[in-house]
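So the sequences go chain by chain: S and D. Read in order, the letters of the first sequence correspond to residues 1425 to 1496 in the working numbering. Read in order, the letters of the second sequence correspond to residues 94 to 275 in the working numbering.
Hints were generated in silico from the structure; no laboratory data involved. These numbers come from a predicted model, not from an experiment. Just to be clear, a hint being listed does not mean it is correct.
[Stated by the list, open to error] Examples of chain S residues toward chain D, derived with CB under 7 Å:
1. 1446
2. 1447
3. 1472
Where is the CB? At the ideal position from N, CA and C, for every residue including glycine.
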Amino acid sequence: MKDAKPPTNKGGLNAEIQSRIGHQLRAMYDDVVRQGVPDRFADLIRKLDASEPASPQMNNTGDFNAKNDGRD
Amino acid sequence: MPLTNQLRDDILASVPNLRAFAISLSGNGDRADDLVQETLLRALANIDSFQPGSNLPAWLFTILRNLFRSDYRKRRREVEDADGSYAKTLKSQPSQNSHLEFEEFRAALDKLPQDQREALILVGASGFSYEDAAAICGWAVGTIKSRVNRARSKLSALLYVDGAEDFGPDETVRAVIGGSGG
């Protein structure tokens, strides 16, 4: 079967193969892009946006401590 | 600049691309989403350092890449996606044939050196210019170009030369490409 291999130049890239690789790469990538924005991220941005733009701090329970609620 | 509604919407609109980049880099859906979350938190915490009018996706990709790099050094390949859990993150399951092909491609991509994989994804999939990709990685434009080229050569060798006997080379390749013999 050795002579049945696709035509590939040893030195340069076969143009068909190169275009095929580009197509596969984009297919893999675009599958994820098409999933859109998962709720988890939309919620995250919304929550942060509702507080303040300065660096939010989270404790281990996930509560936001960014606001000064009066305690010192 | 402050976080305006417009900027917030733009960041949100970048999420699908950030996820695709993170999954392409890490090969692991759960880890990729953690990376994206961390990226968003960092971006919002440092939003003041974003220059209005500059390339927002490139800025976000830079943050994600740096997080991945530091994370990667810690964890190496211990969470290798050997059982194909990446494919489970896809909503539409590919057909039998293309699924096999997809797994082969994914496996070949994972065999590339990390530098080459990053360069190829940024230019070949994310659609960044060589200049933007160079800025994201902190490399020279010539370095990006040569890494993209080497990545393509290596993938070609892995998929279409070394592994050719595995799947009946000529007919398969030609059938997919559309019958144009070389």
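Here is what the structure says about each hint:
1. 1446: This hint holds: residue 1446 of chain S lies near chain D, its Cβ roughly 6 Å from the closest one there, short of 7 Å.
2. 1447: violated, 9 Å
3. 1472: With a closest approach of 5 Å, the residue 1472 of chain S hint holds.
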